[in-house]
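All chains, full assembly: derive it from the sequences and hints.
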Amino acid sequence: MSPPASMIGARIELLRLHQELARWRMADRQARFWWRDDDARGSTPRLGRLLEIAERHHAPLTLAAIPDPANVELPACLDRAPVDLVQHGIDHLNRRSGPAAGELPHDWPLDRLVAELTRSRAALPPQTAPIFVPPWNDVHPQLPAALSVSGFTGWSAWPGAAPAEGGPRRIDAHVDLLRWRGGARFRGYGRLLKAFRAALADRRRRGDWNAPIGLLTHHLDHDEPAWACLDWFLGRFRTHPAISWRSLKSLIAEAEPPSIPPFGGQPHSS
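In terms of this note's numbering, the sequence shown is residues 51 to 320.
Hints are computed from structural coordinates only; laboratory data are not their basis.
Backbone N, C-alpha and C define an ideal beta-carbon position, used for all residues, glycine too.
No false leads were slipped in.
Across the chosen pairs, the derived CB separations fall in these ranges:
hint	residue 1	residue 2	range
1	Arg256	Glu105	32 to 40 Å
2	Val122	Arg73	41 to 49 Å
3	His68	Arg99	25 to 33 Å
4	Thr289	Thr168	34 to 42 Å
5	Ala126	Arg73	38 to 46 Å
6	Met57	Asp157	44 to 52 Å
7	Ala172	Pro132	23 to 31 Å
8	Ala251	Arg229	16 to 24 Å
9	Arg169	Glu215	23 to 31 Å
10	Pro159	His68	44 to 52 Å
11	Pro132	Glu215	30 to 38 Å
Structural data, given as C-alpha cells:
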C-alpha cells in the first residue's frame, strides 16, 4: 500500500525517503525511530484503535497519560500492545495568560514544582515510567531541576521548546502526524515523509547516526486520513532494515546522550 495515486508529490517524497534510507544501509547504519502519543485520558474507543495498530505492527508505543482518575485503570487495556506509560503534565490545565498555553506558571518556585510533580505522579498507575512530557511543550525554566529532585529519569518535549540545562535525559519527538493551525487535521503524506527524510539526512550529514527520531501522534484528535496514514506508515517502515524502532524508556536508559540538537519545527502540543 502507498499514498493514493493522485498524490504525486507524496509518491515523490516516498521515493526520496527510500533513497535516504538506502544511504543509511550503504553506511551499515540503522536509524533509531520511536513513537509517542499524547493526551491519554481513560480507556476510549480511540485509544483502543491506537493500541490495535501498535499491536498489529509490533510497534513500541510511549503513551503520555494525563494524571486523572480515568487513567487509574489504563494498565488493564495495555497488555495486548508494546506500550509504556509516561506522565503527561500535572493535570493538563492551562494556567498561562496570552497565546502560549502551559500548565506550570514560570513564576512558580522550585519547591512548588516538586510538590506538584510528586502529587500528580501519585494519581497515575504504579506501572507509569518516571518520564515526564510537559503539555503544550511548555518548559518551565526550573523543570529539569524539579524532575531530578522528584525522581524522574527522563523527559520529552519538542525541539522548538525552550532549551533547558541539566536534569534527566531529554529526548524529544520530531515529526507530528497532525497540523494544528485552524483545527487538528492530518498533515499529509508528503509533509510527513519529507519531515522524516529531512531528519534522517540531518543526522547522516552530521555523522550522528544514533540521535533518535520521534513520531508524535494524538489519538483523540485523529481524523480518518491520519489513522490511515499511521497504519500505512508503520506497516511500510516498522520492519525496514535501515530502521530500528525503540521505546522511549530504552532510549532514556542509555548512558550516552545524542550529540546534536534535535531536528524539527514547532507543532501544536498538548
